[in-house]
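Given only the sequences and the hints, what does the whole structure look like? Please build it.
Note that the protein sequences, when read in sequence, are chains A and B. Taken in order, the first sequence gives residues 1 to 350; the numbers are from my numbering. Taken in order, the second sequence gives residues 1 to 344; the numbers are from my numbering.
Don't take every hint at face value.
As the list claims (entries may be wrong) - Cross-link-like lysine-lysine pairs, in silico, PhoX-like; alpha carbons within 25 angstroms at most:
1) Lys94(B) to Lys345(A)
2) Lys160(A) to Lys345(A)
3) Lys160(A) to Lys254(A)
4) Lys94(B) to Lys160(A)
5) Lys152(B) to Lys248(B)
6) Lys248(B) to Lys94(B)
7) Lys94(B) to Lys152(B)
8) Lys152(B) to Lys345(A)
Rather than coming from a laboratory, the hints here were simulated on the basis of the structure.
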Amino acid sequence: MTASTGVGELSDIAELQKRTHPIRGVVALILGVIALIFTIGLAISLGAADISLGTVWTAITQFSPQLTTHQIIHDIRLPRVLGAALVGASFAVAGAIMQGMTRNPLADSGLLGLNAGAAFMLAVCFAFFPGMPYLLLIVLSFVGAALGVAIVFGVGSLSKGGLTPMRLVLAGAAVSALLGALGEGIALYYRVGQDLAFWYAGGVSGTNWGHLKILSPWIVIAIIGALILSRSITLLSLGEEIAIGLGQRTVVVKVWGMVIVLILAGAAVSVVGAVGFVGLIVPHFTRYIVGHDYRWIISCSVVYGALLVVLADLVARIINPPYETPIGALIAFIGVPFFLYLARKGGKEL
Amino acid sequence: MSNHLLTINQLKVRKKNFLIIGTLIVLIVATFVFSMNTGVIKLTPMEVIRTLFGLGDAQQQLILFQFRLPRIVIGVLVGMGLAIAGAVLQGISKNALADPGILGINAGAGLAVMLYISFFPSTKLAPVYLLPVLAFAGAGLTAVVIYTLSYKRHEGITPMRLILTGVAVAAGISSAMIVLTLRLTPANYQFVATWLAGSIWGSNWRFVLSLLPWLIFLLPFIYAKSRVLNILNLGEITSIGLGASIEKERRWLLAASVGLAGASVSVSGGIGFVGLVAPHLARQLVGANHQFLLPTAALLGGFFVLLADTIGRSIIAPSEIPAGIVVAVFGAPYFLYLLARLKE
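Below, the structure is given as structure tokens:
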């Protein structure tokens, strides 16, 4: 690994170390975890029936099935909040990996067609195989995500100018439009639109313990994988040549990175639907705070991604009761201005 | 000598172009007759023709004149409007990927219409004529927002940044629309949902009448400017040299294009990609001269939407797939193809 390190690469690494802030990383991580725990508590206690934070605590530590409040917490609020946290962490980590590997500041699973692909596959499953086991549904939604991203990157790499950030985003928009239209057509044809509506609008209200049990192993393992891979992603984010020069087997890293992204995006979409922009906002925010070391970016993205979606779900529930505002729309209200800001910068810096 | 050759060549091109335009008209008429036959109650082509000349029975007349004909006419008109809007946008921005749908102008028009429906949920006579005006206002406002956001001092507007901004603005508007749908009553929601998907299902002659004035006024206006569009295509420096006051012409053409897109969207909902595909195919067929490009694009656009609507109506009869979905299924791959071919 050290043998072929040239002078230019050394200076790159020195530059990287200068731009990495481990202390800020630790502080951000601790603050993030505290904020996340507090928000989760708040999200459990607020709702149609307000429950005090103390009751929330006892419901989790000493659950007694006779109490109605404990039942509400255990059966409805807790799985929902945990689902939101898992989804947020997944989208954020997937976005961070994609941004690092492709050196594309606009990378996000929503923008690059993964979410649309997974949602399309769900439409197909609902139409042709109603009552399919949940596990199979999730696996197929990974396949759908792979389909979406394959088309986008295929078009991008066939292009004369190569894979520029702008081109990928445009290809992603077109693929999303195409798969969205196909999914909608299938839904109309087989009259499963009602089942799909909440998937397209985005929401975690349908999450239950059964789903969580199947989903969480995938997501937890994928996130651990991402953390293991994070050092290699840091090197890749410096540029392909530098990573190869430092002795990295870039193809292996890229393949594993892509597998992790597909699992995370596919699993998250199968819970919440095609919600975009989480994977765009969170990694940029954490990179701004902790610098360019992906070990810190990814671990902070886990916490802050979870925080963002839990918060969005809480707002979605209380903004217009008894109706739920789709969280995809809420997050887009932050995501769109942020995207515009990045597009204005020209998509050069990362 | 060379002058002489050029004219012969021009004559040949002219002849070819008229042939193409003629073929397109024949295609539209053929689809028109086919579309007239499509539906729950089957009519033979002969019956359709007889009824059109006033010789059918009362039921046939009712089906054709009250249900099928207005819908077909609207499909053709909307296709024409969107295609010309796209051709003008591509011409004035010199951006091959410009399309009122991708740039978010359609979404802006949609938002305006939806705001109106959600706050004034009555569908009496007046609103139908008001819809294109509202859609025009929404589309215009969106165009101004996109233009401002993608403008950067010293650099002006680059084609890619314009489109990226459009994509983002369209995403923002569509999430605003999702939030708005929550306010609607179930009946209105049903109307808005099918409308948003690009369905010309609810059409009757009132919609035709509300759309027609815009086309009658704007299409000749734009056609009269086809020389200006040709000059704009040559590049700014050349066109200043030729004495065209670029900015002024550009603004007028932009306004006309926004008007066409808005009026079309107000009647048909979100039909995307027509404004992209039709002008491109037209350019391949008749070349870049807007005198031929514009009519060809208009006919192609009308043909596409009519065909898409006919397909959407017939493949899952008695229920239907909105024309916008059918168009997107064919249009999006074409967009991807263009994107892959395009140099930055």
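Evaluation of the provided hints:
1. Lys94(B) to Lys345(A): Holds, because 22 angstroms separates the two Cα atoms, which is no more than 25 angstroms.
2. Lys160(A) to Lys345(A): Distance of about 23 angstroms is within 25 angstroms: holds.
3. Lys160(A) to Lys254(A): 23 angstroms, holds
4. Lys94(B) to Lys160(A): 19 angstroms, holds
5. Lys152(B) to Lys248(B): Between Lys152(B) and Lys248(B) the Cα gap is close to 20 angstroms, so the pair holds against 25 angstroms.
6. Lys248(B) to Lys94(B): 16 angstroms, holds
7. Lys94(B) to Lys152(B): 17 angstroms, holds
8. Lys152(B) to Lys345(A): It holds: about 10 angstroms lies between the C-alpha atoms, which stays within 25 angstroms.
Every hint from the earlier list agrees with this structure, and none is contradicted.
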